[in-house]
Each structure stands twice: as structure tokens, then as C-alpha cells.
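Residue 1 is where the sequence shown starts when you use my numbering, and the numbers rise one by one after that.
Hints were generated in silico from the structure; no laboratory data involved.
These figures come from a predicted structure and were not determined experimentally.
Any given hint might turn out to be false.
Said to hold, decoys possible - Think about it this way: if two alpha-carbon atoms lie no more than 27 Å apart in a straight line, the pair counts; the simulated DSS-like pairs of lysine-lysine are:
| # | residue 1 | residue 2 |
| --- | --- | --- |
| 1 | Lys-75 | Lys-100 |
| 2 | Lys-59 | Lys-99 |
| 3 | Lys-99 | Lys-75 |
| 4 | Lys-95 | Lys-59 |
| 5 | Lys-98 | Lys-75 |
| 6 | Lys-95 | Lys-75 |
| 7 | Lys-100 | Lys-59 |
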Amino acid sequence: MPTELTEEEMRRALFGGAQASAPVEVHAQTVSYGIPNLAKVVPIQEHPKRKVPRALPPKLRVTLTVGNEFEGERKTFTHDVDTLSTLLAEQEAIKAAKKKFRYVETISVEPLT
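Produce the complete structure using the sequences and hints provided.
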């Protein structure tokens, strides 16, 4: 869309009309680009936010056999841990069992439901 504007007209268009000058006739051309008229935009009403129930923290149950004699009586010891890492869960359970028992053997590490 070629338009012939003088330097003075461009300055007025960009920086405002600080200087009063003779009115210039500009012929506006209406060009249709095939864009449909858009409907009036209605703002969306926001719904109050619902409180989302928190998920329970991930837990693992470690089952150990423990005892104070090497080949003596064994007891089953279970320990619940708040982690997803089976290695960390096993280490924490063994550490807790070693406080009371001398010999510790891991049986299983299972997720709690």
C-alpha cells in the first residue's frame, strides 16, 4: 500500500503535532483482507478455586528379620518409610533395627497403598 508522506507528516504522525501546520489531505483506502468481523469479547467469569485434596506422601514398607543371636531365634520387623527410593528405605529400616538387634536381614520392600 504505497503512500506518499512528507518528512514533516511522518514526524507529526510519530511524535505528535507540536507544530500547527496546514491540514494535509490524505486519502484512506479501505482494504479488505478477508478477516471476518469478530464478535464482542465477553470476559470469562472465574470460578472459585476448589481445594484439591493432597495426595498422601509415598510410603514404602520394609520387612526385616532380626535377632540378637547368629543362628538363633528370629523376629519379623516392619518399618514404614516416607520415600520412593527402595535403597534409602532399606537403609533407614536397617539403621532403625540395628538400634535394638544385632543381626538384620532384609526380606522385602513394598509400596503401601
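Each hint tested on the structure:
Proposed proximity of Lys-75 and Lys-100 is supported: the alpha carbons are some 12 Å apart, at most 27 Å. A hinted pair counts as satisfied when its Cα atoms are at most 27 Å apart, and Lys-59 with Lys-99 qualifies at roughly 22 Å. Distance check on the hinted pair: Lys-99 and Lys-75 sit about 15 Å apart at the alpha-carbon level, within 27 Å; holds. About 17 Å separates the Cα atoms of Lys-95 and Lys-59, which keeps this hinted pair within 27 Å; it holds.
Of the supplied pair hints, the one linking Lys-98 and Lys-75 holds, its CA atoms being roughly 13 Å apart against a limit of 27 Å. Among the hinted pairs, Lys-95 with Lys-75 is consistent with the structure: their alpha-carbon atoms are about 16 Å apart, no more than 27 Å. This hinted pair checks out: Lys-100 and Lys-59 have alpha carbons roughly 23 Å apart, not beyond 27 Å.
Of the hints listed earlier, there is not a single one the structure fails to meet.
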